[in-house]
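Chemist: Below are the chains, spelled out letter by letter.
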Amino acid sequence: MTKSKFYRLLLTASVASFLGLPLGAQAEDIKIGFVGPLSGPVAVYGSEPLQASRVAVEEINASGVLGDDKLVLIPADSTANPAQAAQAARRMALSDEVMVIVGGHTSAETQAVTEATRPLKVPVLSSLAQDSKLTSVGNEWFARICLSTDLWGNAIARWLKEKHAPKTVYMLSRNDGYGQSLGNSIAAGLKSEGIEILANVAYDPQTKEFKPMLAEVQKANPDFIVISGFYTDTGLMVKQMAELGIDKPYFNNTAPAIPQFKEIAGPASEGAYGATYYLPGSIDSPKAAAFVEAWTKRAGKAPSQYEGMGYDAIYVVADAIRRAKEKGEVTRETVRDAIYATKDFDGVTGKITITENGDVKRPLPFIQLKDGKPVLDTLVE
Amino acid sequence: MSFVAQIFSGIAIGCIYGLVAIGFSMIYRAMGLVNFAQAEFMMIGAFFGYSVLTAFPEMPFLAVLAIACAGTAVLGVVLERIAFRPAIRRGASDIYLVLLTLGIGMVLSNGARLIWGANPVVYQIPLAHDITRLAGYPLPTMYFYILAFMVLLLVILQWFFTKSWTGLALRAVAEDRKTAQLMGVDAGFASSFSFAIASAIGAAAGVLYAPIIYVSFDMGAVGIKAFAAAVMGGFGSIAGAVVGGVGLGVVEMVGGQLLAPEYQDSVAFAVMILVLLLRPNGLIGKGIAK
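Chains as they are written, first to last, in the working numbering: chain A, 1 to 381; chain B, 1 to 290.
Be careful, since some hints might not be right.
Derived DMTMM-like pairs (lysine to aspartate or glutamate); straight-line CA-CA distance at most 25 Å [claimed, not checked]:
#1 K208/A / D130/B
#2 K133/A / E262/B
#3 K351/A / E293/A
#4 K208/A / D218/B
#5 K219/A / D218/B
#6 K191/A / D218/B
#7 K370/A / D130/B
#8 K248/A / D130/B
#9 K219/A / E262/B
#10 K208/A / D265/B
#11 K208/A / E262/B
#12 K373/A / D130/B
Label-pair restraints from in silico Cβ distances [what the hints assert, rightly or not]:
#13 D371/A / L62/B: 31 to 37 Å
#14 E333/A / S51/B: 50 to 56 Å
#15 V155/B / K297/A: 56 to 62 Å
#16 L259/B / E59/A: 50 to 56 Å
#17 K191/A / V155/B: 54 to 60 Å
#18 P60/B / A199/A: 42 to 48 Å
#19 D218/B / K163/A: 32 to 38 Å
#20 G271/A / L62/B: 33 to 39 Å
#21 I115/B / D344/A: 54 to 60 Å
#22 D247/A / I156/B: 38 to 44 Å
Don't read these hints as lab results, they were simulated from the structure.
Glycine included, every Cβ here is placed at the ideal spot set by N, Cα and C.
Based on the sequences and whatever the hints tell you, model everything.
Modeler: Shown next, in the form of structure tokens:
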């Protein structure tokens, strides 16, 4: 050994011991990429899951469930822009050397993430992206813990038939990927349940005046109204429905679970039906109850649906890494296989089973706004 | 009923376009400049109003309106002093100044997101849910306030630009800055004054619109329609801005309903193109003469 090499080694060792870093290969950092909108109009879909993911990583690292290995979260802001999301995912796969990517969160960005990472063979797990296309293309590197729009739409149609048995339904769907794929799935479900659809109107997401469209709804006089959109536009819609005196029960997808919906719609939001990824208190298990209690203590409020889902996504990934490790080797491939083998995982948002094509079997809570609070209507298993 | 709904809704939404369009025309008339940050001033004004209402929930709505307008006017003057005046002094071309307004708009929008967050906020006042029936058709009472405010503003601005010395001076600066200065007009004061008034008008639009919808950092998106309305009415004409705004609103609502609601934006802009093909200077006034 030359003198300079010796000094370099000495320096490395002393810096490493000073920083408390391991010198050998005993303990490993297992990197998890996180792609989601952290800014922009739909920042809530990324920022809340990220916050919960951080808590989950902290807990898992402290628990020692992965031995000496530690999870390291590498977040990136997609601003819900597919190009930005794909770029971040590619960087994570190539230079950050992540084991798995959690995200994207909106459907469009997730599509871009999967297209970028599929050839690089990186497992991707999404907690919120619902577009059915994501799992119907046969991508063996993608899985999700939320229901696809197809499964979701069928569940809504079944719930409607069982709980309300309407003869006629009027549908209003936001004219974008989310609104249209959800609207089409619900329409297909309603048809198979034998419920007549009076109209399925696509509306412009930028609109703030829905009254001409709603006047048509009033004229059609349906038994039930099904709205598929964001809480912002549907909040205004519901407010204007009340102004016109349309007094019909309506289903508004996840909007009633979001506090701003009630603020925008005002008193008209009372009685709104919806479905949500997760409702705190709806899952009857010790783990779920402990989560709600701990989160409320930490954040001063009950966990939101996005926080619950973000939290579970990290736990599902960690559980897959643990199982891959027990089998012998933690690689992207073994982790992917372990994610696909997830069965009856006891998540805080309910039992999670990943199915053959990367979709999920999980409980779906239907809710209703009563006295301004979302309460459980039915938990569809 | 449905046709009445389309017309009334069109007029109502058109009033908002008109109010923002007045700001566009006002700045153009006074400074010869297209201010693409105009709708962002509306957004900032709406947030100012929200903050005032949050701090003093009992405050009368008119006082909230006045405070938000004053606050936004101050912001307008500050931006004029730190961005526009130096740029004009260094002989920036019109295209540079327009880009400057675009940049300021983006900074304002992102700044608002940093301060007030990405989630929309709502004016929790009884007025937000007040309804007045017109020919049996229910309209938010707020729309009548907007209409009244717009008529008042129209009269005041028309008088201001044609009769008052300050208004005439502003027009002189817009026409020929150097000559106006030689005639004793303080061009610096003129541009500060224009920005203050235009910002305040923008803020008023925001505060009046907020109770009907919600306030969010991206609500300035309405600016593109307001700009189209201003152009359609005859850019620089205050009355034209109102005519353009209401016209665009009605066309959008009726056209959208005739075709399909998802095409209402396309219908609105198709009609704008048609109007400009037939009347290149807009519906009212001489239009863009420069």
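Chemist: Check each numbered hint against the structure and report the violated ones by number, ascending.
Modeler: Violated hints (numbers, rising): 5, 6, 21; every other hint is consistent with the structure.
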